[in-house]
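**Q** Chains V and U supply the protein sequences, listed in that same order. Numbered according to UniProt numbering, the first sequence terminates at residue 202, and the numbering increases by one at each position without gaps. Numbered according to UniProt numbering, the second sequence terminates at residue 202, and the numbering increases by one at each position without gaps.
Misleading hints may appear alongside valid ones.
The list cannot tell twin chains apart, which means a pair is met if one copy fits it or any two copies do.
[Claimed, not checked] In the SDA-like style, the derived pairs of lysine to any residue whose C-alpha atoms are separated by at most 25 angstroms in a straight line are: (1) Lys59 / Gly175; (2) Lys59 / Ala45; (3) Lys59 / Leu178; (4) Lys59 / Ala176.
Keep in mind the hints are simulated off the structure, nothing from the lab.
Number of protein chains: 2
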Amino acid sequence: MTDVRSGAGRTPSRAVEQALVDAAERVLVRDGLGAVTVRAVATEAGVAPMGVYNRFGSKDGLIAAVLVRGFDGLRAAVTEDADPDPIARLLASGRNYRRFALAQPQHYGAMFGGRPLPTEGADELVAYAAAAFEALVDHVRHAMARGALREQDPTETAQLIWSSVHGAVSLELGGAVLTPDPAVTYESLLHLLVDGLRRPPP
Amino acid sequence: MTDVRSGAGRTPSRAVEQALVDAAERVLVRDGLGAVTVRAVATEAGVAPMGVYNRFGSKDGLIAAVLVRGFDGLRAAVTEDADPDPIARLLASGRNYRRFALAQPQHYGAMFGGRPLPTEGADELVAYAAAAFEALVDHVRHAMARGALREQDPTETAQLIWSSVHGAVSLELGGAVLTPDPAVTYESLLHLLVDGLRRPPP
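Just need the whole structure built from these sequences, with the hints factored in.
**A** Below, the structure written as structure tokens:
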């Protein structure tokens, strides 16, 4: 068997790790989450399976590394637009959330598809997932501080928004949007949310 | 191998089918969707595998029969409360939707978990899934006809509600509700929806 550590000696360790996560993402996109195994990723990357075990501990550690990238990409999408108008910023982050999910459906499914997240490497994974949610909470706080959204617990408000947009993109990815244009219906949902959260209760 | 057709001769065919779907539901609840195979269900029901093949054609046909029950149960939950007040009726159906999902998480995951639905027996399955959604559309129409909700395409309005409640229960089943009490947050979501849909646009 190839001694992968001598390979690591030739290539900076971080670069090898990134190449393995790249390979795992290619397997995920091409063949689905169930196909992301140590063996498949080693083959894809052209290294010995032990090279994957040495760096990620197991298949779960490898999947966690892919999901870390996914949550980091989602956080980036949610924070991409920093429109000074708080409502415009919320609407843009909602649109970017959908765009992320539709562009990377396999990632989105792995992140939120109802399968338990891997436990190995979970501290980092949980931190990245929390950072993506916190990006939304920050938009909500920003809007409340400027009087654009009704004052209430920002985590509660963010959870309401997240529930709705997650449901919408999940149904769209599953082919279960029964209206003619999912983009139009999604836009209506975003406006329903911000209008409802903007106004004082009746 | 046992001749299951002689078994079917002793027991009315419909009752045997129901017993096999019962067995498949027990396997689903106990071991998850991946464990629902012809062999496992035959063992659970105490029949030969050929008895399952003869009635359901394949594992997909068997799973479709389980999902038909699931969608029929969801339709029943959504229509259970026929409060004469249209908003009260909508809120009750939203609560019953969550109660159904939390009581039968394995069914809910199989119905909406993002895996492709089986194609065999799909006509019946699609009809039952559509009936569950139509039950919500009926509540929406009822509310619009009485001036309780803003007039717009009832399918569009129902899709907005479904997206939100589906997202909320999916996150709750996945342990991703980050507020202290998911029931309280869900209730806020229902009110946000009906309040937003009730009022004229600004």
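**Q** Within, between, both or neither: how does the pair Lys59, Gly175 come out at a Cα-Cα threshold of 25 angstroms?
**A** For Lys59 and Gly175, only the inter-copy Cα distance (22 angstroms) is at most 25 angstroms; the intra-copy one is 30 angstroms.
**Q** Since the copies are identical, ignore which copy is meant and state whether Lys59 and Ala176 lie within 25 angstroms (CA to CA) inside a copy, between copies, both or neither.
**A** Classified as between; 23 angstroms across copies, 31 angstroms inside a copy.
**Q** For Lys59 vs Leu178, is the C-alpha pair at or below 25 angstroms within one copy, between two copies, both, or neither?
**A** The answer is neither: 37 angstroms in one copy and 28 angstroms across copies each exceed 25 angstroms.
**Q** Can you give me the call for Lys59 and Ala45, within, between, both or neither, at a CA distance of at most 25 angstroms?
**A** within (14 angstroms within a copy, 35 angstroms between copies)
Going through the hint list in order, the structure does not satisfy hint 3, though it satisfies all others.
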